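Q: Assemble the complex: chain A is given as a structure, and chain B must be docked to it using the hints.
Quick note, the sequences are listed as chains A and B, same order. Residue numbering for the first sequence follows our numbering, starting at 41 and increasing by one per position. Residue numbering for the second sequence follows our numbering, starting at 41 and increasing by one per position.
Simulated from the structure, these hints should not be mistaken for lab results. Here the structure is a predicted model, which means the values were calculated and not measured. Ideal Cβ positions, reconstructed from N, Cα and C, are used throughout, including at glycine. Misleading hints may appear alongside valid ones.
[Stated by the list, open to error] Where chain B lies over chain A, by a calculated footprint (3+ residues, C-beta under 8 Å):
hint: 1; stretch: 240-252
hint: 2; stretch: 291-298
hint: 3; stretch: 333-344
hint: 4; stretch: 481-491
hint: 5; stretch: 532-541
[Claimed, not checked] Reference excerpt, derived from the structure (chain A facing chain B, CB under 10 Å, subset only):
hint: 6; residue: T270
hint: 7; residue: G286
hint: 8; residue: P287
hint: 9; residue: H525
[Claimed, not checked] Sample of chain A residues lacking proximity to chain B, with all beta carbon distances greater than 12 Å (derived):
hint: 10; residue: R123
hint: 11; residue: A219
hint: 12; residue: A509
Protein chains: 2
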Amino acid sequence: MRRSFWAWGWEERLPDEAARGALGHQVSAALGVAPPEARPLPTVDQAVARVPAPTVAPPRAIADLCDSSPEARLRHAYGRAYRDLVRGFGCDFSAAPDFVCLPRSEEDVSRALDACAHAGIAVAPYGGGTSVVGGVEAGGRGRPACSLDLSRLSRVLEVDDVSRAARIQAGALGPDLEAQLRPHGLTLRHFPQSFEFSTLGGWIATRAGGHFATLFTRIDELVESVRMITPAGVWATRRLPSSGAGPSPDRLALGSEGILGVVTEAWVRLHPHPRFRASANVSFSDVLAGARAARAIAQSGLHPANCRLLDPTEALLNGVGDQAVLLLAFESSDHPLEPWMSRALAIAADAGGACPRGPSYRDAGEKAREGESARWREAFFAAPYLQSALVPLGIIADTFETACTWDRFEDLHARVRADMTDGLRRVCGAGTLTCRFTHVYPDGPAPYFTFLGPARRGSELSQWAELKAAASEAVLGAGGTITHHHAVGRTHRPWYDRERPEPFAAALRAAKRQLDPAGILNPGVLVD
Amino acid sequence: MRRSFWAWGWEERLPDEAARGALGHQVSAALGVAPPEARPLPTVDQAVARVPAPTVAPPRAIADLCDSSPEARLRHAYGRAYRDLVRGFGCDFSAAPDFVCLPRSEEDVSRALDACAHAGIAVAPYGGGTSVVGGVEAGGRGRPACSLDLSRLSRVLEVDDVSRAARIQAGALGPDLEAQLRPHGLTLRHFPQSFEFSTLGGWIATRAGGHFATLFTRIDELVESVRMITPAGVWATRRLPSSGAGPSPDRLALGSEGILGVVTEAWVRLHPHPRFRASANVSFSDVLAGARAARAIAQSGLHPANCRLLDPTEALLNGVGDQAVLLLAFESSDHPLEPWMSRALAIAADAGGACPRGPSYRDAGEKAREGESARWREAFFAAPYLQSALVPLGIIADTFETACTWDRFEDLHARVRADMTDGLRRVCGAGTLTCRFTHVYPDGPAPYFTFLGPARRGSELSQWAELKAAASEAVLGAGGTITHHHAVGRTHRPWYDRERPEPFAAALRAAKRQLDPAGILNPGVLVD
Numbered sequence: 041m042r043r044s045f046w047a048w049g050w051e052e053r054l055p056d057e058a059a060r061g062a063l064g065h066q067v068s069a070a071l072g073v074a075p076p077e078a079r080p081l082p083t084v085d086q087a088v089a090r091v092p093a094p095t096v097a098p099p100r101a102i103a104d105l106c107d108s109s110p111e112a113r114l115r116h117a118y119g120r121a122y123r124d125l126v127r128g129f130g131c132d133f134s135a136a137p138d139f140v141c142l143p144r145s146e147e148d149v150s151r152a153l154d155a156c157a158h159a160g161i162a163v164a165p166y167g168g169g170t171s172v173v174g175g176v177e178a179g180g181r182g183r184p185a186c187s188l189d190l191s192r193l194s195r196v197l198e199v200d201d202v203s204r205a206a207r208i209q210a211g212a213l214g215p216d217l218e219a220q221l222r223p224h225g226l227t228l229r230h231f232p233q234s235f236e237f238s239t240l241g242g243w244i245a246t247r248a249g250g251h252f253a254t255l256f257t258r259i260d261e262l263v264e265s266v267r268m269i270t271p272a273g274v275w276a277t278r279r280l281p282s283s284g285a286g287p288s289p290d291r292l293a294l295g296s297e298g299i300l301g302v303v304t305e306a307w308v309r310l311h312p313h314p315r316f317r318a319s320a321n322v323s324f325s326d327v328l329a330g331a332r333a334a335r336a337i338a339q340s341g342l343h344p345a346n347c348r349l350l351d352p353t354e355a356l357l358n359g360v361g362d363q364a365v366l367l368l369a370f371e372s373s374d375h376p377l378e379p380w381m382s383r384a385l386a387i388a389a390d391a392g393g394a395c396p397r398g399p400s401y402r403d404a405g406e407k408a409r410e411g412e413s414a415r416w417r418e419a420f421f422a423a424p425y426l427q428s429a430l431v432p433l434g435i436i437a438d439t440f441e442t443a444c445t446w447d448r449f450e451d452l453h454a455r456v457r458a459d460m461t462d463g464l465r466r467v468c469g470a471g472t473l474t475c476r477f478t479h480v481y482p483d484g485p486a487p488y489f490t491f492l493g494p495a496r497r498g499s500e501l502s503q504w505a506e507l508k509a510a511a512s513e514a515v516l517g518a519g520g521t522i523t524h525h526h527a528v529g530r531t532h533r534p535w536y537d538r539e540r541p542e543p544f545a546a547a548l549r550a551a552k553r554q555l556d557p558a559g560i561l562n563p564g565v566l567v568d
Numbered sequence: 041m042r043r044s045f046w047a048w049g050w051e052e053r054l055p056d057e058a059a060r061g062a063l064g065h066q067v068s069a070a071l072g073v074a075p076p077e078a079r080p081l082p083t084v085d086q087a088v089a090r091v092p093a094p095t096v097a098p099p100r101a102i103a104d105l106c107d108s109s110p111e112a113r114l115r116h117a118y119g120r121a122y123r124d125l126v127r128g129f130g131c132d133f134s135a136a137p138d139f140v141c142l143p144r145s146e147e148d149v150s151r152a153l154d155a156c157a158h159a160g161i162a163v164a165p166y167g168g169g170t171s172v173v174g175g176v177e178a179g180g181r182g183r184p185a186c187s188l189d190l191s192r193l194s195r196v197l198e199v200d201d202v203s204r205a206a207r208i209q210a211g212a213l214g215p216d217l218e219a220q221l222r223p224h225g226l227t228l229r230h231f232p233q234s235f236e237f238s239t240l241g242g243w244i245a246t247r248a249g250g251h252f253a254t255l256f257t258r259i260d261e262l263v264e265s266v267r268m269i270t271p272a273g274v275w276a277t278r279r280l281p282s283s284g285a286g287p288s289p290d291r292l293a294l295g296s297e298g299i300l301g302v303v304t305e306a307w308v309r310l311h312p313h314p315r316f317r318a319s320a321n322v323s324f325s326d327v328l329a330g331a332r333a334a335r336a337i338a339q340s341g342l343h344p345a346n347c348r349l350l351d352p353t354e355a356l357l358n359g360v361g362d363q364a365v366l367l368l369a370f371e372s373s374d375h376p377l378e379p380w381m382s383r384a385l386a387i388a389a390d391a392g393g394a395c396p397r398g399p400s401y402r403d404a405g406e407k408a409r410e411g412e413s414a415r416w417r418e419a420f421f422a423a424p425y426l427q428s429a430l431v432p433l434g435i436i437a438d439t440f441e442t443a444c445t446w447d448r449f450e451d452l453h454a455r456v457r458a459d460m461t462d463g464l465r466r467v468c469g470a471g472t473l474t475c476r477f478t479h480v481y482p483d484g485p486a487p488y489f490t491f492l493g494p495a496r497r498g499s500e501l502s503q504w505a506e507l508k509a510a511a512s513e514a515v516l517g518a519g520g521t522i523t524h525h526h527a528v529g530r531t532h533r534p535w536y537d538r539e540r541p542e543p544f545a546a547a548l549r550a551a552k553r554q555l556d557p558a559g560i561l562n563p564g565v566l567v568d
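Bound conformation, chain A alone:
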């Protein structure tokens, strides 16, 4: 299989022309607009013809590691945000880097940083290229740029099955590292939606959130130690379950988005594969009642693996009824889960939830991955393909996400709904917005919104920018964070700058100047 040069994931997995046509009819009917006219997909040859000439050649010291071909450059131009898809679909590769560098070792990474610092070339670390916030977009900024692709550093180097941890290279993609861990009977179980195409290093640099709704689901909690190559030397932390020795160095590397150094490997915490599973769907009369149930369960100390609230439209799209629904699941490699699930269902019932079909339990002997949770999982990983498929149809489709404390959620939900409904009407003439919770904490949820609206051909990017601004203002104004797990990149910068304390920004800039005095690392991200 081959990665699409402009769309999400595998070229073959993008819905074909007929499927896109059907999708266009379905979406236009839902939006109450005329069915869109589909445009043909671009070819690699068309794209290659449009890549601007490079402004510099790779420095001699790293020439052996570099690829300056137009195709390599265009394939590293963008992440997979809506605006990346639109630009890629339109064969606008003006932000392509001047060359791609593919290090085979940490020494190569150091050599690349040295050579680029010496030549004044910007360096954007590139993991799987799935950023939805412009995090890997190195070129097109009036400065020579190198995309530093970590894909050759993809091995599981060491497994400690006593402490349940492994040392893994940063360029390992989700499925690759899981395949290498499988013989050891262990798994990282970190399943962001980008899982198939994103890397351990990318997860660390962006503080990725995993699939699990509670407890140890963020990569932050799964990292035991980090190795990061900075222009000022190797940032290597000690493997520790926890430490109180000063501010945590790992927590400064986590979320640093490539501005302080290049993550090359990490020790991460693993689990055995789950043996016991329990799942149930609980329906609610409205999404706010469901949110109260999700809160009570998040505060119960039961720690479900899934506690994902879908609003009625999301439920409909996912084939789990037409009411708000709470997808509940527990999993364990150690113990049967009836007491956990029974108590969670009792809490949900107290909050007005109905679970007519009752919970289902599975032991290891039974076939896993069947039924609703497997359908959910498949739909979860398929969603980005649908977003890509809407681009040729001229439909704006994007998601945004946040986290807030529970006391603020109802207001935030109302404000986002009002402002985006208004924004979609104003900007697109029509549109729809849905909401779900991706994660729940004892003190608040992580709401995740999806919006769709018909675009005017040629104005997609400006329309999208207007909607993105409306969404970001609503989220920030209602007390949320500009991002719970999509990172900051270049897209969220204006709102990130308002969210973070100014003395912290000053400290981060000072740290960056110290570690990257030539200012080559991922310019425009997090700081200037």
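A: Chain B only, in chain A's frame:
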């Protein structure tokens, strides 16, 4: 009640002369040395007479907030490390600050930082003064020094019972903040051993560990947002359950030990009081077998509130038998705990544990705090008084702690035991070392060691320094951290400098220079 000016806690709670005599006989018998001759306790008058004259007066702009009396100064000279006790007992207050500043508001804190920066006066934030690592020792460094005492900022300002969180001022002592939360039916349940005399701000600045053995027990996990006054402005983070917007500002404030700013308040996560409790003591033939059980339980996903392994000597001292024992407990405000405890006991039995008396369960109706867990709790909070009582007897008594991954624990335990046994013989002629786990993580334990040895009068500090170095070398050499929850302060600096990555140290120094350009904040701590 009145705080002792040199010993731990309340003056009245220090064992009296008779009790100290009995303790001396008990310890000397255990060590196989002659019973020590007790020295009389110093009086405040003796101490006041020995305080050096101040080198500067408080700057005029903050004179109204300051106390330059000898007693105020000597009471803020030290924390409560063994070496602080020895110096205080000997009325050596050469490290007393020149004055104590007691702000009543954030504005006062800013004013104090401005005035001291202008006058070149070092400022050490002072919470409860319980540091065991020289974290609050501002004076005696050849530079005028101010102790910034946060005790007037001690209020719970706001409670959000929906999200279960409260905004609390940094100077609130453990019992004070719990008393203010009680009417709301909520509790922070953060019980470090210093609980009665330490503050929220101190816990945050030092990344304190709570009493609970697993899950949300470190203050790091309990902090929702922080306000910190830096010389460069207010560092105020947004209240959020979680965020992925860049590296976490809170995690840079956590553990900053007063070098970047003064924590003035924080939103922290709360719980309802537990309604259900389950507890059991499980015995093992040796401490390593117990450690294997603790590991299996830490990796089970059961999340006990207590999973504290005591070696045979610790068990004996705590009246729970003469074998290694694992103190297991669960608590919940939501659900009965039989399934949790039953499974944990089954895991412990698989690892060779015996629990002849079985588990005990308590509901809210029954009297809480009885039996072994209450005895443990009382002994836990009394231990620092015993350490103080040993000082007049000429017994060196101290503790050190670390964390390491499970694969390294057996080696670390053996190395610490060998090196400290050897060190105590060499330095003291005799001695004893015990070990327990204070916390357990899926990937490793936090071992906590206590050592005792007879001192030569007048040589206590040099003997202690030799033992501390041996302990620190052993811990670091075996792959542990120099501190899991005691912080770095001035005592752990040499080993901390070796533990942290040099690029992180450079980044921290750069951040410090940016926020504290006059270099007044807690000099000597974490960085130079």
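Q: State for each hint whether it applies.
A: To see whether the hints hold, each was checked on the structure:
no., hint, result
1, 240-252, "holds (count 4)"
2, 291-298, "holds (count 7)"
3, 333-344, "holds (count 6)"
4, 481-491, "holds (count 6)"
5, 532-541, "holds (count 5)"
6, T270, "5 Å, holds"
7, G286, "5 Å, holds"
8, P287, "4 Å, holds"
9, H525, "5 Å, holds"
10, R123, "19 Å, holds"
11, A219, "22 Å, holds"
12, A509, "17 Å, holds"
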